[in-house]
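Protein chains in written order, with the numbering used here: chain F, 1 to 484; chain C, 1 to 486; chain V, 1 to 95.
Wrong hints could be hidden among the right ones.
Below, computed lysine-lysine pairings styled on BS3-like, alpha-carbon distance capped at 27 Å [to be verified]:
no., chain 1, residue 1, chain 2, residue 2
1, F, Lys115, F, Lys308
2, V, Lys85, F, Lys308
3, F, Lys387, F, Lys477
4, V, Lys85, C, Lys85
5, C, Lys373, F, Lys79
6, F, Lys447, F, Lys411
7, F, Lys461, F, Lys447
Hints were generated in silico from the structure; no laboratory data involved.
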Amino acid sequence: MQWETVIGLEVHVQLATRSKIFSGASTAFGAEPNTQACAVDLGLPGVLPVLNEAAVAMAVQFGLAIHAEIPEVSVFDRKNYFYPDLPKGYQTSQMYHPIVGAGEVEITLDDGSTKRVRVHHAHLEEDAGKSLHEDFHGMTGVDLNRAGTPLLEIVSEPDLRSAKEAAAYLKAIHSIVTYLGISDGNMAEGSMRCDVNVSVRPVGQEAFGTRAEIKNVNSFRFVERAIAFEVERQIELLEDGGQVVQETRLFDPDRDETRSMRTKEEANDYRYFPCPDLLPVVLDRAYVDHLRETLPELPADKRARFEKELGLSAYDAGVLSASREMAEYFERVKDVCGDAKQAANWVQGELSGALNREGLPIQHSPVSAEALGELIARVMDDTINGKAAKQVFQALWNGEGASADEVIEAKGLKQVTDSGAIEAMIDQVIADSPAQVAQYRDAEPDKRGKMIGYFVGQVMKASRGTANPQQVNALLKEKLDALC
Amino acid sequence: MHDKTLSELAVALEAGEFSSRELTEHLLARIERLDGDLNSFITVTAEQALAAADAADAARAAGKAGPLDGLPLALKDIFCTRGVKTSAGSRMLDNFVAPYDATVVERLKAAGTVSLGKTNMDEFAMGSSNENSFHGPVKNPWDPTAVPGGSSGGSAAAVAAGLVPAAMGTDTGGSIRQPAAFCGITGLKPTYGRVSRYGIIAYASSLDQAGPMARTAEDCARLLGAIAGHDLRDSTSVARGVPDYTEELEAPLTGLKIGLPREYFGDGLDPEVEAAVREAVKVYESLGASVSEVSLPHTHYAIPAYYVIAPAEASSNLSRYDGVRFGHRCDNPQDLIDLYERSRAEGFGEEVKRRILIGTHTLSEGFFDAYYKKAQQVRRLIRQDFLDAFEEVDVLMGPASPTPAFDLGANKDPVSMYLQDIYTIAVNLAGLPGISVPAGFVGRRPVGLQILGTHFAEARLLNVAHRFQQATDWHRRRPAIAEENV
Amino acid sequence: MALEHAEVMRAASLARLGLNDDEAARYVDDLGRILAMVDQLQSLDTEGVAPLAHPLDATQRLRADEVTETNHRDDFQRCAPAVEKGLYLVPRVVE
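Please put together the full structure from these sequences, using the hints given.
Shown next, in the form of structure tokens:
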């Protein structure tokens, strides 16, 4: 039987606010346990929440970026359950009236095609703390620093049909939130995590199969692997005449498998009801319009502009618009050198290669966009040749100069185009290479083209790479042929 | 000294008749001597009180004393008080020393008042008799066989017994007004949002409101001025200016339109209580007010609606008591569930558990619409009843409770206990202000006249109550215990 | 709506309240009567009435995104039943 995979994602994005969603405690990562858990975060008797404006603004910006409707009124509800990392015994979330309504996200697949994925809604909620299971005499330690960090939970419709699509969707969300600057998108620190709902159904069947929810997957790669495993598991189960159980599963990256979370007790009943400590959030149109006007250009728009206005290929446009940092870097290089294609080649070639080797993100590139742009400009105006350009780049990477011009000057890499000077070097090389000249002379004329390489190399070496290679070639051919 | 009102004490302190320290020492001695039997205090903070009194005396000596400087009061044990046990009348929090001050406490301290300690209460403010306290019941100073009312029973009893001139209470369904009525003192429940709830241990968040309990409306006016006002830490507190509540106290009542809700004079009302209330209304007529009957047609749905909404909120508010970060924790928990279930079973009393169970049940899947949503719809209808009535009249008057204080142990059945709050509970659902003032006796037991106003009409209520107290002397009557010299 | 024993036990379990059989039986009775009283609500027609969550028609005020809290861990943990190395301790949580 042919099977179709149906996937929906719930992506939790930690918003990059300074303080927590309902308290004035810091959200900074990595502090000593419980030093950033204030009275409100700890749920001490009598404390009350007050909503952070930045969390609201960030959620609305996301909504605008995915062309979602922004309801005028949204309401916080309490989701009631007991867990040690949940200090109040309820999570303040939005069940019935989320801050962001239905929208859509465009994803780009490997073959360059695009697909629209519907977002059901996105809502604000508070993050929980962390349980640490290392040995405290067989006890678990609870750190509530993270409790109260604002989260935007983005719930997709079950529109995704493969692990690759799911990963592409997650990347698209990542790119939107980092473009907007509403999250650092750092998956290793848990700034973005997702729950994956997976089911399979026979191709052509309308009704969805029973789904399993894989909790807390925290990397693009794991999303793909977890889904791949889970799909295989479900198909195998069904083909063996079994049934998929609706349950929550965990992905174990070490074993590359998902496994059922032991159900701790009976099915949960979260008893959602409107949080009486918080009032309805009412967004007036002027506020939303202001946020809309200040929205930065988003990845999809940028990609389209790179293709249409800058004439880049779909592939290049996709790569260069994937992250806000990459796009900003590329555009600065392009502005400085004045040539989008050259800028694209350098950013994706020499620069990306070096960044990958060192494992650096582009915002930490030792070569500034201005310096790279200038370097490209110097190639384009023939100040240096391509070979010297690589030397200049390496020197800039190593911090041997602040600008391309400075390096060119210091290393004397300026291209020699004075034919008198080149001729003098050629004469010297010819004089120093009698054997090679003799071979050249004795060779059949159609073999000579290959043999000229030796002389070019010697001249370039004599010029320390600065001679214009085209000129060297032309003059050498002239002089050697004159000897024949 | 202990017989004076706050206003009289302020004058005496200013005149140098005695110091705040002398006053404080005197009251602490009375508490020491008389409260053993009364049980109105859970914690007496003598040391902090004397230090605060000394500071107030020093401020006065330096000519820097404000109007409330050096005046003693007590706090219901529901207000978080830094460095002081704050138990909410529960075993759950019997070991909880609050690490911060409630906004009300902060403001009272800033005004220079001297807190003598924390008063007894029904556990987590759930009760109408103060019999649901982990620290034992409080006796009514007028009659030791009667309850003082609840849940702010300790505050009411302490004021009535002359242990302290004023105390802070909270009112979720009548918990200021009913004990004030039972103990023959004046108690004001402000408009929801008028006083910050920050630091007040929550029972039902959309209903809870703190207010003053004292001997006179004038004293309540002074205290309300000190505690009212917007608080950035409470999203539900209202950003609205705080008037000088003493300014309008003397305004004449000529032309005042009083409405008597038909539903507040029906079945179940003790005839002697009714007689006292009708007598009080006559006093108002003599002061130039006109009286008409009005209707609040949804009155009888108030208790059912309340017993959905309040327990639902409570069941969630009380989930934080899990034995992890503060409060009672059972011995040797076997696992996480055992830690939760035993800590909470041991830490909470019976009435609290009952309400947690009701709230949990009514919020659970399949019941939410029939109970919670329905109750909230009814809540709107109840509020509308009042808003309609206030189109016709300025204030509403009626009894604070259908009976005078009942006997200790008389209401064993929870439902019959709940029905005691028939005249007070709708006010909380509607978020309105209300005040109870002494208006007579049934035998030895006081009767309270309840006066209700529209949202933020506290100044008007205090004015109406004050003029009554100028025309009558019910508020000057003292139980024998208050006359006892120490 | 009459209340079953199982419903009380379910509520107790959701609320993490340990109940013994005697208590459970008593609560079945109490809660049954309380809910019978509450059921008076059902006789009222509320068609088209918007639920009222807050007594005032106020809207949420927003707080500026500023860090205003400092570390008070020692203060806060003084009333904690079990802490070690700054962490709150609970019986081992099995995931």
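Taking the hints in turn, this is what the structure says about them:
no.: 1; hint: F/Lys115 / F/Lys308; result: holds (19 Å)
no.: 2; hint: V/Lys85 / F/Lys308; result: violated (58 Å)
no.: 3; hint: F/Lys387 / F/Lys477; result: holds (21 Å)
no.: 4; hint: V/Lys85 / C/Lys85; result: holds (25 Å)
no.: 5; hint: C/Lys373 / F/Lys79; result: holds (16 Å)
no.: 6; hint: F/Lys447 / F/Lys411; result: violated (36 Å)
no.: 7; hint: F/Lys461 / F/Lys447; result: holds (23 Å)
In this structure, the earlier hints numbered 2, 6 are contradicted, and the remaining ones agree with it.
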